[in-house]
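> Here is what each chain is made of, one letter per residue.
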Amino acid sequence: MTALEIDRVLLDRATDVIVCCGSGGVGKTTTAAALAVRAAEAGRRVVVLTIDPARRLAQSMGLTELDNTPRPVTGIDASKGGSLDAMMLDMKRTFDEVVLAHTTPDKAEQIFANPFYQSLSSSFAGTQEYMAMEKLGQLKASGEWELVVVDTPPTRSALDFLDAPQNLSHFLDGRLLRLLLAPARTGGKIGMKMVSAGLGVFSRVFSKVLGGDLLNDVSQFVGALETMFGGFRDRATQTYEMLAAPGTAFVVVAIPEAAALREASYFVDRLADEEMPLAGLVLNRVHTNPAPALTGERAIAAAESLREHGGSDATGLVEGLLQLHADRAAAALRDQRLRERFTRAHPEVRVAEVTARAGDVHDLDGLRAVSAEIA
Amino acid sequence: MRLHVVTGKGGTGKTTVAASLAMALATGAHRRVLLIEVEGRQGLAQLFDTAPLPYREQKVASAPGGGEVFALAVDPEQALMEYLELFYNLKRAGGALKRLGAIDFATTIAPGLRDVLLIGKVKEAVVRADMRREGGKAYDAVVLDAPPTGRITRFLNVTHHVAGLARVGPIRTQSEGVMAVLRSAQTAVHIVTLLEEMPVQETVDGVADIRSIGLPVGAVIVNATRRPLLDDADLSRAAAGTLDLEGVARTLKEVGVEPSEALLNGLAEEAREHAERVGLEAREREEIAELGLPTYELPLLPEIDVAALLQLAEQLRNAGMVAR
Chain C
701 MTALEIDRVL
711 LDRATDVIVC
721 CGSGGVGKTT
731 TAAALAVRAA
741 EAGRRVVVLT
751 IDPARRLAQS
761 MGLTELDNTP
771 RPVTGIDASK
781 GGSLDAMMLD
791 MKRTFDEVVL
801 AHTTPDKAEQ
811 IFANPFYQSL
821 SSSFAGTQEY
831 MAMEKLGQLK
841 ASGEWELVVV
851 DTPPTRSALD
861 FLDAPQNLSH
871 FLDGRLLRLL
881 LAPARTGGKI
891 GMKMVSAGLG
901 VFSRVFSKVL
911 GGDLLNDVSQ
921 FVGALETMFG
931 GFRDRATQTY
941 EMLAAPGTAF
951 VVVAIPEAAA
961 LREASYFVDR
971 LADEEMPLAG
981 LVLNRVHTNP
991 APALTGERAI
1001 AAAESLREHG
1011 GSDATGLVEG
1021 LLQLHADRAA
1031 AALRDQRLRE
1041 RFTRAHPEVR
1051 VAEVTARAGD
1061 VHDLDGLRAV
1071 SAEIA
Chain X
430 MRLHVVTGKG
440 GTGKTTVAAS
450 LAMALATGAH
460 RRVLLIEVEG
470 RQGLAQLFDT
480 APLPYREQKV
490 ASAPGGGEVF
500 ALAVDPEQAL
510 MEYLELFYNL
520 KRAGGALKRL
530 GAIDFATTIA
540 PGLRDVLLIG
550 KVKEAVVRAD
560 MRREGGKAYD
570 AVVLDAPPTG
580 RITRFLNVTH
590 HVAGLARVGP
600 IRTQSEGVMA
610 VLRSAQTAVH
620 IVTLLEEMPV
630 QETVDGVADI
640 RSIGLPVGAV
650 IVNATRRPLL
660 DDADLSRAAA
670 GTLDLEGVAR
680 TLKEVGVEPS
690 EALLNGLAEE
700 AREHAERVGL
710 EAREREEIAE
720 LGLPTYELPL
730 LPEIDVAALL
740 QLAEQLRNAG
750 MVAR
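Protein chains in written order, with our numbering: chain C, 701 to 1075; chain X, 430 to 753.
Each hint should be verified, as a subset may be incorrect.
Claimed, not checked - Interface residues of chain X toward chain C, partial, derived using beta-carbon atoms under 7 Å: (1) L659; (2) G676; (3) L692; (4) L696; (5) E699; (6) A700.
Everything labelled a hint here was simulated from the structure, so no lab data went into it. Predicted model, so just to flag it, every value in this text is computed and none were measured. Where is the CB? At the ideal position from N, CA and C, for every residue including glycine.
Can you make the complete structure from the sequences, with help from the hints?
This is the structure:
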């Protein structure tokens, strides 16, 4: 196994985007924040985009409002000339910005007022991923920062994140939408007569099942969105190219659990297929063994012997300590095996380990300690 | 209670708890419980070690006393097809819609519609009649392995969603029927948590969110708990770094363990971390207690298999979450 030394990535002036990805609940947000703090304190001008940070971590970074604008993080050591800004993604607002950027103000108004836009912009499976990428593009293009660190949405599958921009643009380009557009294009009843038989069946069924108003709303919505299709497609392509560019570094985040490592494996393979630049794997919550001289089996045997025969001093304490140690040694061994299994499958992937902590990280010192471990 | 909705932050063991609850509810002669998943993860198949579940109810386990647990993975696309067929005799139209991508549309662009279909299927199983069975229902209880707390209110609040999209029409009517069952006394939403900061925070937020849409919160289930291995006095000494290491050394020697300085320091460090963790857990427990909800704890088990589910089910029954 080759160790991932994150400073090589963070301090390389050529690195301008770091994407942290992995399945939900593995500490992506914390990792992204820790990397950003370290890069900033090493002298780079950094912005970190987080998706859904824990409340106390967010507060410690000054992220109290969700206003979709990067805000300076106070408490960063700026002696080397660096700085850190942080922002939380507001999905809906980002979507609104995209709409405004690609259409006229009155069309935009029409789109915003449509119930389907409300639904699409707040809950389309993939909107969050798409908007995270959109925001990443904006931050990078602004030229205000040397490095953008982005945390990806807590999707069930880490892969959704790469597919989302294409899914959305594919969907907006879909055959159904083109059919739905037909009446809107030709205008009302006359148009309806001219559409294909397929659409006839479709709209009859749709009206019957969903109600006629709904079909109207959809058709108007799609009509209004049509002007933006090209824009959506272009942006999805640009995003994809940005992710594949040499200045981008993907950091896959996982914990030593079979499911999380399975997702990490898929992601590593997928990045390789897409020729996306992978920096390595950050493995969070790894159990260490602070007293490796004593094996778990010996500890259990000794604890049993104490239970049977008693001891002269602090019997209960020693029994507890031995049991604690046996559990800890077992956890450390299990984590090590899982990591070895991952490295056997992906010998080329660099790995950095962050030790398991009793509590969550929620201040800058905690973030510094995390990133120092993988420096 | 006939419909148990189980939610919680991702990673808290929702699926395990839902399955254990289903086992607990199915315990007893002639009992029959349906366990449903809706997120297409095939988590139930993995848990019960069976092939991926089709869109059909099938028995996955026997419960103690002769009861049975059935499982179903609801797929939105098939739920829509079934819905069309059932209510409109539109099977062929369903095929045409599929080719046009309309199903993708209904199940993707308008998640509210997708959720109505998914929960609609759950509701159908809850109210399904079977006159041959005592009580006249096909299932004595239905357990839903629901989406995580972050999405649960959006998922359950079907009428709100649909109200914005479909002002009239059968989908609207359907969603109102679903909401009536969800809001009734036969439903409870349970939240699974761990004794960790984020899951507890989500639990507290989740309780408020679920109540805000008029749904009844049932219980909080604290999963994967561990008992402290040291007593209170030793825990405070461990935290303060004042454990009697000399006494420990003497006793270790007696059981044949060489008490090197490195070993003693290692054990002291493990004890300190344990004390820190127990302290954090106590604070999280207090926060859960402030919710004033029935709370049940389940132990951390080394492996989750059917035997483990039976053990957890027994605990839930003993703790009174399920009437004996």
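> Honestly, which of those hints from before does the structure not fit?
none
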